[in-house]
Amino acid sequence: MSGTNSPQGGLTRRGFLKTTAAVAGASALAGGAGLTALADDSSEAVVEEQTFRSACRGNCGSRCPMTLTVREGKIVRAAAMSEEDYGEADAHRRRFCVKGYSQPQRVYDPDRLKYPMRRVGGTERGAGQWERITWDEAFQEIGTKIGAAVAEYGGSSIGVWSSYGSYGVLNGAMGGFMSVAYGRFCTALGANIMGAGADTAQSHVQSSLLGNSGNDFVDARNAKTIVAWGGNPAEAYVHAWQFVCDAREAGARLITVDPQFTASAMHSDVYIPVLPGTDGAMMLAMINYIHANGLMDVAYMKGNTVSPFLVKEDGTYLRGSDAGIAPAEGPLDAYGRPTFVDPVMVWDESQGKAVVLDEAVDPAIEGSYEVEGVKVSTVFTTCLSKMGEYTIERAAEICQVPAEQIVSLANAYATEGPVYTMTFQGIGHHVNSHHNYKNLAMLHAVTGNAGKPGASICGAPSTGLVGYNMMAYMMGAPGNRFCGMHLPEIMNTGKWAGQDLTMRVLWICNGNVLSCESGRIELIEAVKKVDYVIVADVNMNDSAQWADIVLPIPHASEVQDFDPVCSAPYPTYTQKVVEPQFECKTDMDIMRGIAPYLGLEMMFAQTDEEYLASVIDTEANVAGGLSYEALKDGSLIRQPGYTEDRHVVVYGTAESSRLKYYIENPAPRNNWGQAVADYERYPYYEHANESYSENPLREKYPLFGCSEHNKYHVHSQLAYTPVMRELEPVPFIKINAADAAERGIAQGDLVRAYNDRGSCVIKAVVTEGIKPGVICIPHGFQADQFVEGHAQDLTSVVMSDFCSNSAFYDFLCEVEKYEGGVA
Amino acid sequence: MARYGMTIDTKRCVGCNACTVACKINNNLPNGIMWTRVLTEGGDAPDTPAGVFPNGKMRYVTLSCQHCENPACTKVCPVGATYKDPETGVVRQDYDKCIGCRMCMAACPYTGVRSFNWEEPAYALEYAVGDADAPEHQKHVVEKCTFCYQRTSQGKTPACMDLCPARARNWGDLDDPSSKVSELIASRSYQQLLADEGTRPSVYYLV
Amino acid sequence: MTTSNAPAKGGKALNIAIIVAAVLTVAGIALWAVQLTGGMVQTGMRNLDSWGLYITMFMFFVGLSAGGLIISSIPRAFGLEGIGGISKVAVWTSICATVVAIGFVVVDMGQPFRVWELFVYSNLSSPLMWDIIVLMTYLILSCVYLWATLRAEAGKVSQLALRVISVIALVCAVMVHTVTAWIFGLQASHELWHTALLGPWFVSSALVCGTALVIVVVIALRKVGYLELDQRHLVKLAKMLGAFCMVDLYFFGCDLLTAGFPGGTGAEVVEMLVFGPLAPFFWTEIVGTALAAAICFVPAARKNGMLVIASVLAIVAILCKRVQLLVGGFQIPNVDMPFAMTQYTVTNWQAGSMAAAYEGMVYWPTMLEVGVVVGIIALGALLLLVGIKKLPLKPAEK
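Protein chains in written order, with my numbering: chain F, 1 to 823; chain X, 1 to 207; chain A, 1 to 398.
None of these hints come from the bench; they were simulated from the model.
None of the values given here were measured: they were computed from a predicted structure.
Here a beta-carbon is modelled for each residue, glycine too, at the ideal position from N, C-alpha and C.
It is possible that part of the hints are untrue.
Unchecked claim - Computed footprint of chain F on chain X, listed as stretches where at least three residues anywhere in the stretch have a Cβ under 8 angstroms from a Cβ of chain F:
hint	segment
1	24-37
2	43-53
3	112-120
4	151-165
Claimed, not checked - If the Cβ cut is set under 10 angstroms, some of the chain X residues that face chain A in the computed set are:
hint	residue
5	Asn-17
6	Lys-75
7	Val-79
8	Tyr-123
9	Glu-136
10	Gln-138
11	Gly-172
12	Leu-184
13	Arg-188
14	Tyr-190
15	Leu-194
Could you build the full structure based on these sequences and the hints that come with them?
Below, the structure is given as structure tokens:
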């Protein structure tokens with residue numbers, strides 16, 4: 001009767017059995033099989049479970065190693081790879097996040113595309129009227145259309161437009177086209193590669209031109225000061241956060257520079273509320289201050305940076321040949337062509353003259369000289385002479401922060417190192433952003449905050465890059481390469497880079513460009529002008545809405561593929577864990593289907609496995625145990641090339657390995673014959689395109705735009721994932737409490753954010769966590785989730801001429817209460 | 001005989017909700033139900049601070065059943081459907097016994113840790129996710145954090161504990177001085193929620 | 001004089017009333033079935049405010065029931081003359097109210113078909129369990145008391161035995177409402193509830209609304225010629241009502257002062273009642289109770305019509321008290337930090353923020369709940385009316 005106060009009596013017999021149900025699990029990997037013990041009650045059914053090792057392709061850049069558990073053919077759980085898999089030495093590298101845990105729901109997203117569909121004839125693009133077709137019909141139609149366009153207008157009438165959906169070597173689009181599927185397609189036809197606009201300020205200037213990169217996140221533990229600047233480790237790449245915590249527990253200080261009081265700011269010792277788009281001025285002011293107060297790390301500047309290199313009046317370096325020293329023969333390049341070594345010259349103070357770099361004992365970092373009649377200055381002096389305007393006071397005015405804070409930050413960089421600047425993309429989304437990366441590099445150069453543990457110029461979510469055989473993609477040469485956001489200009493003028501260009505077919509893949517790139521309204525108008533639009537995607541997303549034909553792609557867990565960018569130090573391999581749902585076909589299989597219509601059958605004749613092996617199995621990879629065979633059972637293999645000294649990016653003393661903040665030959669990302677300003681060479685500040693204080697437009701649209709990569713989104717991938725929508729049901733705009741009060745806006749009200757380009761109606765989150773005058777709409781929601789409009793209707797296709805970056809923070813707007821109804 | 005407890009390091013927690021979602025998926029929770037939640041100590045909306053910009057003050061508190069040593073809920077359940085497991089100290093809930101009177105929800109001072117299935121549980125997916133042996137959910141009964149009993153009884157880690165990206169969460173036997181939680185409680189300052197209630201919660205917030 | 005089997009004036013009206021009550025009862029049961037199948041999500045209750053109109057009414061009807069029985073058993077227990085004639089009607093009213101109260105518990109349960117577990121798995125440390133036991137005992141005892149009264153009138157049971165039973169019934173009635181109070185009063189989780197005064201206070205409230213109900217029923221029945229009662233006995237009842245009202249106000253005053261004086265968290269509770277979302281109920285109770293007392297004490301005001309008004313005011317006031325207690329308990333959350341709310345979190349989950357959800361009353365009922373409540377009250381009314389029609393409840397010859 002009673003007995004419910006005792007534990008056993010409180011549980012009915014049926015319940016007791018349920019909590020000890022037998023689960024027989026087998027993990028699908030060599031040497032790791034294990035069956036869990038069966039319960040003693042054999043009346044309970046045994047459930048088969050399999051665990052697969054994979055990597056999360058959540059597209060935040062992190063590629064975290066992941067296990068997927070499958071039961072009865074369905075994915076039931078995503079989790080971090082186990083401690084056993086990582087091993088004790090690497091246990092701290094185990095990582096996973098809220099987005100990763102939601103992956104099972106992503107696989108069964110309600111808006112997944114199920115079968116090929118064609119826009120119903122006679123209906124408008126974007127009207128949402130679709131008819132189902134077979135794959136054969138799709139292949140025939142697409143193949144025929146492409147063939148006809150190529151025949152009449154050439155390969156450059158085809159454009160493949162992607163962003164960051166996947167870098168898979170079979171099906172992805174790293175660099176816009178680098179995979180077996182798209183690489184072969186584009187290079188065989190000479191199709192145009194339309195790349196992403198997002199993030200290219202950082203990738204072009206910092207990564208490509210300056211060649212700078214950051215230390216492994218784990219190294220942040222060694223920092224004395226961590227500056228979250230244009231980076232939000234607590235939210236945007238949360239797996240770096242534990243190392244920030246470790247550093248803080250060891251006494252390090254955390255400083256956040258951000259227009260928003262983020263979760264990183266919440267934990268910071270100092271919070272600097274910078275106006276968006278003005279960070280570059282602060283960096284220059286700090287450099288001036290550090291120089292003026294004798295706080296520079298002169299030894300580091302001399303020995304490991306470009307500071308002493310002599311610069312001619314035309315901006316190029318003074319080289320041996322300028323001083324009558326003949327260039328020497330160098331090694332052959334990758335194509336077997338001879339190279340020449342014409343070393344840069346510096347002014348050796350011990351010898352009192354200009355010498356080639358290797359011969360200098362004590363190169364001067366400051367000074368102007370004349371060498372063989374040529375007027376030169378050191379790189380440092382050259383740069384310094386261009387940034388005199390940026391005093392602390394001037395920066396305080398531009399950035400709208402107290403001068404003392406800037407001084408304090410400068411002192412931190414100079415005297416409280418090693419300093420790890422956790423920046424990634426947050427300072428890259430205005431038209432003026434690319435200068436920030438030179439400025440930041442110079443700041444680190446003059447303070448010696450590089451090349452040693454704890455000192456890093458930037459953050460690095462996935463620092464690894466595995467060697468791979470790129471030739472597998474190259475069946476010729478691609479057509480034009482330009483940022484996809486140039487499409488409006490191309491469709492309006494019929495030209496690109498001074499030449500006629502007729503674009504007839506657009507193939508959008510590996511990205512949701514009409515949601516995630518800027519200037520949505522203009523982009524859609526441009527897309528409408530293209531004769532035939534194909535979208536290959538997993539979901540019916542904002543881009544797929546505007547297609548003529550949509551092709552359903554499998555989710556990452558339904559395909560095996562390999563991504564050469566990896567979560568240091570683990571290469572990213574995704575196993576095929578469940579069968580592709582519905583009628584989905586991989587991009588590779590789509591190519592195989594279209595190939596016969598274009599005479600390209602031979603290019604896609606091999607199996608996926610054979611292609612994977614050909615890409616992955618370089619000599620070095622095989623020797624290091626990183627072959628396709630080793631990877632395909634899902635083992636967590638450590639990248640052989642990633643040794644512990646890869647943790648810290650070291651800048652050497654040789655010319656090419658020094659820390660750069662000056663670009664001798666500034667080549668623009670997309671070259672259409674535009675003039676390249678002199679200031680693209682050196683650290684610089686100019687105000688943003690639209691979002692700057694003195695813009696007269698501010699009388700109409702006073703609020704500065706901003707966005708963020710918040711914890712529940714990875715671009716648009718999780719827009720419809722149910723559990724994410726429970727946590728964050730609708731899109732919202734963050735507005736400062738004082739600004740809201742002025743406009744009669746209360747917590748949770750619907751508001752309209754608008755400017756001359758467009759508007760969106762959205763819920764307001766009134767907060768003291770954002771700088772007055774600034775608003776922020778987190779990135780990643782789709783059009784049908786807004787009450788009206790879309791966040792990207794506020795943004796513009798205007799980009800920097802130099803790096804063609806999607807400037808989705810660079811807008812002004814006004815916000816008013818919306819009277820049209822309730823959410 | 002153990003006394004399971006948790007430590008949550010508020011100096012590390014960034015309110016990312018990984019624990020919320022890990023728990024939700026692992027225990028196949030129905031739509032609209034969360035057994036652990038991230039609360040924002042700050043402004044009047046989640047993720048907003050108190051104070052006036054730029055002098056914000058904000059902290060995250062993750063809240064689930066506190067598995068109290070002196071639980072208010074077990075005393076008042078008329079049928080003993082909620083009870084304290086003497087082996088582990090976990091406060092458990094027997095769904096088959098629960099009569100849905102919600103007395104436990106009125107008695108528990110920790111607002112919102114207990115949830116009632118106000119209608120037939122609906123799920124995001126058509127099949128059960130998470131552990132095969134996660135207890136099934138029923139309409140019109142009370143549920144809450146189970147300390148992942150089905151996992152700990154097999155020597156596995158509770159879902160919310162593996163893997164907090166910030167490494168803010170730990171669990172273990174509070175009666176074992178060498179357990180991680182005991183060490184943390186001994187070496188760090190901590191606060192407990194509603195300490196004056198006399199419930200003696202088993203969750204310690206490191207501050 | 002009147003005899004038990006003379007048709008009462010308004011026999012036709014009685015039949016119509018019975019039919020109406022029956023129809024409403026059936027409607028209420030149907031709505032309950034809707035609630036069970038479609039889920040209690042159709043009520044206004046949610047996780048943060050997990051009790052609502054049903055438990056409010058449960059408290060209220062326990063009060064009516066206990067009060068009614070106390071009023072009817074006091075005269076017999078203390079050998080007072082005069083009011084004894086109404087005691088059968090009062091007991092029957094009380095029994096009906098008890099049935100209604102139990103009905104409210106049943107419809108509030110998520111798993112009513114597991115109600116048998118209360119008797120098989122009883123957790124004796126639970127105040128709710130105590131209340132179930134006491135209510136069951138009380139129900140049985142009330143029926144025994146009524147039966148014993150009838151038997152005593154027929155000479156089969158001695159007056160002494162009846163007096164003993166009435167004392168037991170009196171004690172049981174006091175316990176019923178005290179234990180009901182303990183469901184709330186023993187919970188440290190809600191400051192508004194956790195007071196030692198709650199037990200005695202529930203008893204005094206029961207006396208207020210019980211007496212008031214008896215006055216209303218008696219005046220009504222006297223009007224239709226069902227029974228006779230000397231006016232001075234009615235005056236006695238009125239004076240008792242007035243006294244009970246003063247006691248209730250006294251308890252309220254003590255509680256408010258005790259809570260509010262230190263200026264700590266108790267002051268928040270006082271503010272919520274006096275100025276906050278529950279102020280309309282608070283002030284209705286205070287003013288209503290005071291007015292009722294005034295009417296009862298001022299001879300000039302003590303006309304029958306005014307007495308009915310006073311009684312209704314008193315009953316409404318006690319109902320307001322129940323609402324304050326139930327909703328007020330949830331109105332101040334112990335942990336009020338905002339989080340991602342879902343459709344199950346709180347009644348007004350779409351308000352835009354936690355603060356907004358608590359700005360007005362945190363809970364209010366849906367039409368479904370109102371419908372079920374009407375149905376259950378109709379069930380009680382049905383029982384009452386059928387009893388009046390069929391049972392020998394009229395006062396016996398003096």
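So, going through the hints one by one against the coordinates:
| no. | hint | in the structure |
| --- | --- | --- |
| 1 | 24-37 | holds (count 6) |
| 2 | 43-53 | holds (count 10) |
| 3 | 112-120 | violated (count 0) |
| 4 | 151-165 | holds (count 5) |
| 5 | Asn-17 | holds (8 angstroms) |
| 6 | Lys-75 | holds (5 angstroms) |
| 7 | Val-79 | holds (4 angstroms) |
| 8 | Tyr-123 | violated (14 angstroms) |
| 9 | Glu-136 | violated (15 angstroms) |
| 10 | Gln-138 | holds (8 angstroms) |
| 11 | Gly-172 | violated (25 angstroms) |
| 12 | Leu-184 | violated (23 angstroms) |
| 13 | Arg-188 | violated (22 angstroms) |
| 14 | Tyr-190 | violated (17 angstroms) |
| 15 | Leu-194 | holds (6 angstroms) |
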